[in-house]
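Q: Chains as they are written, first to last, in this note's numbering: chain E, 2 to 356; chain U, 13 to 210; chain C, 10 to 646.
The hints are simulated quantities; they were obtained by calculation from the structure and are not laboratory data. The beta carbon of each residue, even a glycine, is placed where N, CA and C say it ideally should be. Just to be clear, a hint being listed does not mean it is correct.
[To be verified] Distance ranges between label pairs, derived from CB positions:
hint	chain 1	residue 1	chain 2	residue 2	range
1	U	207	E	152	48 to 58 Å
2	U	101	C	554	40 to 50 Å
3	E	239	C	256	36 to 46 Å
4	U	21	C	618	53 to 63 Å
5	C	560	U	90	48 to 58 Å
6	C	80	E	162	36 to 46 Å
7	U	101	C	343	48 to 58 Å
[Unchecked claim] The calculated DSBU-like cross-link candidates involving lysine-lysine, where the alpha carbons are at most 35 Å apart (straight line), are:
hint	chain 1	residue 1	chain 2	residue 2
8	E	179	C	370
9	C	370	C	519
10	U	68	E	258
11	U	178	C	572
[As the list claims (entries may be wrong)] Derived, one-sided and incomplete: chain C residues facing chain E with beta-carbon distance under 8 Å:
hint	residue
12	304
13	307
14	310
15	334
16	338
17	515
18	516
19	531
20	553
21	556
Spelled out, the chains give:
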Amino acid sequence: MKFWSVHKMQNFEAGDCPGHPPWHSGRVDAAKQKNAANKKEGEKRRDVEPWLAQDPGVASETHRFASLAPDEHNNIERHHTVPHALLHLLSHAAERARTLSAGPISIAVGSAALSGCAGVQSALDPRGEQAHTLAVLFWTFTAVLALVWFLTMAGLIFALAHRRNRRGEPAQPRAAVKRPMLIAFCVMLASSTIILSGLAVLSFGAQKAIFGSGAGAALTISVIGHQWWWQVRYEGDGGFETANEIRIPAGSPVDIKLTTADVIHSFWIPSLAGKLDLIPGKSNELRIQASKPGVYRGQCAEFCGQQHAHMAIFVVALEPREFERWRAGQAAPVKPTAHLGRQGVFTLALLENAQ
Amino acid sequence: MARSVIDVSGLPTYAFGSRVTPWWGTFSFCLLEGTGFALGIGGYLYLAVTNSHWAKDAVPLNLVWSAVFTIVLVASTIPNFLIKRAAMRENLRSVRVLLLAMSSVGLVLVVLRIMEFSVLPVRWSDNAYGSFVWLLLGLHGVHVLTDVADTLVLTVLMFTRHGTGKRFSDAEDNAFYWYFVVLSWLPLYALLYWLPRL
Amino acid sequence: MSLASEEPHATRDSDLGDEELRARLRKTWGTNGGLIGFLSTVDHKVIGIRYAVTSFAFLLAGGVLALIMRLQLARPDNHLVGAELYNQLFTMHGTTMMFLFGVPVGEAFAIYLVPLMVGTRNIAFPRLNAFSYYVYLFGGLMLWGGFAFSIRPDVGWFSYVPLANLDFTPGKGPDYWAQMITFTEVAALAVSVEIVVTVLKQRAPGMTLDRIPLFVWTMLVHSFIIIFAMPAVMLASSMLIMDRLVTTQFFNADAGGDPLLWQHLFWFFGHPEVYIIFLPGTAFVSAIVATFSRRPVFGYLPMVLSLIAIGFLSFGLWVHHMFVTGLPQVGAAFFTASSMAIAIPNGVQIFCWIATLWDGKPVLKTPLIFVLGFFFIFVTGGLSGVMLASVPIDTQVHDTYFVVAHFHYVLIGGTLFPLVGAVYYWFPKLTGRLMDERLGKWQFALAFIGFNIAFFPMHMLGLLGMPRRVYTYPAEIGWGGLNLLASAGALLFFASFLLMAYNLLVSARKGALAGDNPWDADTLEWATTSPPQPQNFDRIPCLTSGSPLWSRDDDQPVVSGLKVDERELVVTSITEARPDIREESPAPSIWPFVAALATAAAFIGSIYTPWAITWGSPVVALALVAWFWPKTSEENA
Ligand code: HEM
Ligand SMILES: [Cu+2]
Ligand SMILES: [Cu+2]
Chain E
2 MKFWSVHKMQ NFEAGDCPGH PPWHSGRVDA AKQKNAANKK EGEKRRDVEP WLAQDPGVAS
62 ETHRFASLAP DEHNNIERHH TVPHALLHLL SHAAERARTL SAGPISIAVG SAALSGCAGV
122 QSALDPRGEQ AHTLAVLFWT FTAVLALVWF LTMAGLIFAL AHRRNRRGEP AQPRAAVKRP
182 MLIAFCVMLA SSTIILSGLA VLSFGAQKAI FGSGAGAALT ISVIGHQWWW QVRYEGDGGF
242 ETANEIRIPA GSPVDIKLTT ADVIHSFWIP SLAGKLDLIP GKSNELRIQA SKPGVYRGQC
302 AEFCGQQHAH MAIFVVALEP REFERWRAGQ AAPVKPTAHL GRQGVFTLAL LENAQ
Chain U
13 MARSVIDVSG LPTYAFGSRV TPWWGTFSFC LLEGTGFALG IGGYLYLAVT NSHWAKDAVP
73 LNLVWSAVFT IVLVASTIPN FLIKRAAMRE NLRSVRVLLL AMSSVGLVLV VLRIMEFSVL
133 PVRWSDNAYG SFVWLLLGLH GVHVLTDVAD TLVLTVLMFT RHGTGKRFSD AEDNAFYWYF
193 VVLSWLPLYA LLYWLPRL
Chain C
10 MSLASEEPHA TRDSDLGDEE LRARLRKTWG TNGGLIGFLS TVDHKVIGIR YAVTSFAFLL
70 AGGVLALIMR LQLARPDNHL VGAELYNQLF TMHGTTMMFL FGVPVGEAFA IYLVPLMVGT
130 RNIAFPRLNA FSYYVYLFGG LMLWGGFAFS IRPDVGWFSY VPLANLDFTP GKGPDYWAQM
190 ITFTEVAALA VSVEIVVTVL KQRAPGMTLD RIPLFVWTML VHSFIIIFAM PAVMLASSML
250 IMDRLVTTQF FNADAGGDPL LWQHLFWFFG HPEVYIIFLP GTAFVSAIVA TFSRRPVFGY
310 LPMVLSLIAI GFLSFGLWVH HMFVTGLPQV GAAFFTASSM AIAIPNGVQI FCWIATLWDG
370 KPVLKTPLIF VLGFFFIFVT GGLSGVMLAS VPIDTQVHDT YFVVAHFHYV LIGGTLFPLV
430 GAVYYWFPKL TGRLMDERLG KWQFALAFIG FNIAFFPMHM LGLLGMPRRV YTYPAEIGWG
490 GLNLLASAGA LLFFASFLLM AYNLLVSARK GALAGDNPWD ADTLEWATTS PPQPQNFDRI
550 PCLTSGSPLW SRDDDQPVVS GLKVDERELV VTSITEARPD IREESPAPSI WPFVAALATA
610 AAFIGSIYTP WAITWGSPVV ALALVAWFWP KTSEENA
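Using the sequences and the hints given, assemble the complete structure.
A: Right, here's the structure in full:
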């Protein structure tokens, strides 16, 4: 197939880095872009990277920007029913453990920017309402199930320890069914039913909270999956398109309409929301919301062919005013937009840093 | 040491129905093939419900050949029942005659199925509806064909010196499988020929 | 009725002394030498061992692929293998592990052990059994032969359409994949039918339903799950290959089809598949826990009921693999509930095993140690499964390394650990020699530590946003450390299997002699020699309790009156296991092999032209006629 060979020729080298700004942003004519975007990627990267290297100041700024200092946690709005102090602690502890366990080795490998980069694409580092609800639910499940795990293992270890092998013991042809054992059995059955029902109810609650909102958001953006890039379409009059980057206003919900031009893909920005597939013949809708301005990385989560690994996407949340200005600029007829897009991110980064 | 408690020397070396292992083998195959049919029907209904193109694609099928096929198939349960009875009575003459009859009925059914394919108003490659019609008719057709082949071989066997003893049990087993071929057709018939007309 | 035609002076077992009886039965039930004899055998033990050896070879092959993947992922932006090869690797790894190792290895043990455990002389339909092995072998060889010649499926072990359609994957890879599915499913279905019939109709007299060993119950449920699940994937893969080869439109959304139909059909099989692979693991655990606790498993009835419940529930979960496809929320919520519900029968089983250990006096031999590893790992995987059952949580972790961690915890913890235990446990029965205990314990240490280092970090990677099936990742994203750790663990884990291979080879020749019943176990396979004679038992045992060997009845009751010079076995009634018929068991035949060869040729040919089916079918049919055509000698009865 002609189509196939074109893709096979593409040469993808290093992956996208969340610290780097998304390069092919700005307005794109999707029809032309289809094959061109990825093919050109190598060249574009050559444009961008030396420039970054020349100006170490800018490069490190972007890294710092990406890390969005940990104390931001406190500013995130929280909506949940579970007592969250404990969970908050838990999630912090786990994060620390994670950094600790991963840290030394990563450093050895030479990736010092670990904690910063991880923050941008992590389900455990929620930066939006949906992702936050999900993280709380996740930690609740983890806590409860860890308890179950410890109880089971304690039972096992006691079972082994309390009467160890006296060798040569003749076997007993009957299973001893004793009263305490029967009671334990009933307790086990009842408690596991209760625990599972409890978890199911929590799950239903979260499901309702996340997917139940009936009203449409003020802004709807169409995302169309392609092998292996994302076409982003801002609908309405003065509509325009971008690729591999979605800009949204921070603080307000945005509906993403998901369709695909070829195979199944899955749209996933872990720090903002869970994933949803793009399926031929079907249109899905996902609500996302970023609490604060920032760049949130995501990548395609359903295997979609050769370069699935490189199908990254960035959500750039801007201050609402900034967003409106950008949008108005995009909607205007002609301009060297690719350049503008890049600049936008950097301006934002610098702003953020200055605070 | 070993103490014999049961003497089995007086037991028969074959029997009929669910007493013997081949019956259970056939039964298990009916289960799994029936599951295949059920899933095929499920897939058909799934598309009929979820896909908006389906209603337009689902042209009703011609009723003539399928009606003849269905009538012959249902009627064949009578000689089939008689084979079963004759086999259990180990009546070689009747079994031979009836097997000949069943073989011919089977061949007629195969021809009818071929006629059916030749008048289908939709090709397998036209749309998913066409694909499903061909798939389900084909799947059932394969069942008819294999059982007819089986019947033919059995008929030949019954005319050789092998036509004794355990062969009667085989004839009975073959008749049992034919019931499955008949029964599995009825839901398919309703689905393929009558549902699109509703 | 048939008594009349009976030869009056057939020799029967009651006429002979022990020595002579054994010799005569050996002759009757033995396998001939030579290549033809080798290919004609219908002895369930020989075929069971072939199944086991073949599936272990595929395990090693799949493991090597996994190691290459782990080496590639050990460092960010790595160039060891490119995208194309990596995609082929994980597809081949998953496919090999699920279809060429996971399913057949369970069958291998069932084929070898179930007839022994129920006290019969051969499996039901032994020629079908031989046929199934060759079909499985040819399917595996086809897939790997294609791999060697660069025909490599690369769309994952569940081949989602439309990616697997001709438009997006024009090579022959998915066709080979789909045909391999057909091969292995034909084999699996055949074996399941054999096991069902063996268990229902060929149990030793006196083995009433409530005296069936738990191992056998488990394999019975396992076989029923296969019977109801595998047709789905055979149907689906046939539809896929027809879409690819003869332009049907099953999965084409623009022509009235639906890619989600593929997912529904695949997972309707795919979820039960998990239990198809896992249940043999629980069968091993039941056997090993009972033997080494020195008493029967606590709660026979709850155990059997749990098994049956798992069997039913496993068909009500498939949608939890499709939570992020945008299904109606209410529907999805239903599958959350059903997925959580299956944790209950699993919990019951875990409880009963632990209760058995508690009440017993556990002897910590290698088989039991691996079972303890099973508890640790499988419970972890089961609990992360409860998380995946929750729709909202799944939207975050679906298709990430969290899921990769989860299913390796259940597959390796649930199946591979008990399986290794089972190898140590039954090796003396197969060979007459014990495996080395010290090496066994070392192997356990390596496997246990290596496994957890390899797979635990993957949970975190998934939560940190790493999707599965990516051939590389950027350094800056910070997944490098955990990935390196995982790769190191994978090396350790793999090394444990090399140690096992070494132990197997050495012990087969130099291991300590085992005797008939080295572990003082309770089930009937230990009531015969190690390795068993071709006839399994010289005299068919009769059960008077559920503990045939532990009841210490020196006066073992047996059946008499079977012919010695013909392959006769006792067919019994389903519930009471009362002797009913002396059925003739088929003798060795080359035709199953020929039929399998013809089937393979037709299937492989059909990838290139649909006419292969047309030309192949008559050949297969002829082979089948030859297979079923009675021999003159069989007509004596
Ligand atoms: C040596 C031990 C093993 C290692 C190191 C290992 C490692 C891996 C890796 C790295 C992947 C690919 C992840 C990805 O790129 O998405 C994978 C996938 C998989 N593994 Fe394993 N694995 C091992 C053993 C097993 C076993 C024993 C089974 C099953 C019984 C198994 C079943 C699977 C399946 C089904 C997949 C999914 C393939 C796909 O995405 O299509 N693995 N494994
Ligand atoms: Cu993708
Ligand atoms: Cu599942």
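Q: Could you run down the list of hints and mark each one as holding or not?
A: Outcome of the hint check:
Under the hint 48 to 58 Å, the C-beta atoms of residue 207 of chain U and residue 152 of chain E, about 53 Å apart, fit the expected range. Between residue 101 of chain U and residue 554 of chain C the C-beta distance comes to about 42 Å, which sits within the given range of 40 to 50 Å. Between residue 239 of chain E and residue 256 of chain C the beta carbon distance is about 43 Å. The supplied range of 36 to 46 Å therefore holds. Checked against the given bound of 53 to 63 Å, the beta carbons of residue 21 of chain U and residue 618 of chain C, roughly 56 Å apart, stay inside it.
The given range of 48 to 58 Å is respected by residue 560 of chain C and residue 90 of chain U, whose C-beta atoms sit roughly 54 Å from each other. The hinted range of 36 to 46 Å is satisfied by residue 80 of chain C and residue 162 of chain E, whose Cβ atoms lie roughly 40 Å apart. As the Cβ distance of residue 101 of chain U to residue 343 of chain C is approximately 53 Å, the hint placing it in 48 to 58 Å holds. At most 35 Å may separate the alpha-carbon atoms for a hinted pair to count; residue 179 of chain E and residue 370 of chain C meet this at roughly 16 Å.
With a CA separation close to 30 Å, the supplied pair residue 370 of chain C and residue 519 of chain C stays within the 35 Å bound. A C-alpha spacing of about 27 Å is found between residue 68 of chain U and residue 258 of chain E, which places the hinted pair at or below 35 Å, so the restraint holds. For the hint pairing residue 178 of chain U with residue 572 of chain C, the CA-to-CA distance comes to about 17 Å; that is within 35 Å, so the pair holds. Taking 8 Å as the C-beta cut-off, the interface hint given for residue 304 of chain C holds, the closest approach to chain E being about 4 Å.
Restraint check, residue 307 of chain C versus chain E: the minimum CB separation of about 5 Å is within 8 Å; hint holds. Contact between residue 310 of chain C and chain E, as hinted, is not supported at the beta carbon level, the nearest pair being about 10 Å apart and thus beyond 8 Å. With its C-beta approaching chain E no nearer than about 5 Å, residue 334 of chain C sits inside the 8 Å limit, and its interface hint holds. The interface hint given for residue 338 of chain C holds, since its Cβ lies 5 Å from the closest Cβ of chain E, which is under the 8 Å cut-off.
Interface restraint check: residue 515 of chain C against chain E, minimum CB-CB distance 25 Å, threshold 8 Å, status violated. Look at residue 516 of chain C: its Cβ only gets to about 22 Å from chain E, farther than 8 Å, so that hint breaks. For residue 531 of chain C, the interface hint holds, since its Cβ comes within 8 Å of a Cβ in chain E; the closest pair sits about 7 Å apart. The criterion of a C-beta within 8 Å of any C-beta in chain E is not met by residue 553 of chain C, whose closest approach is roughly 11 Å, and the hint is violated.
Given hint, residue 556 of chain C at the interface with chain E, holds; its Cβ is 4 Å from that chain's nearest Cβ, closer than 8 Å.
Checked against the numbered hints above, the structure violates hints 14, 17, 18 and 20; every other hint is satisfied.
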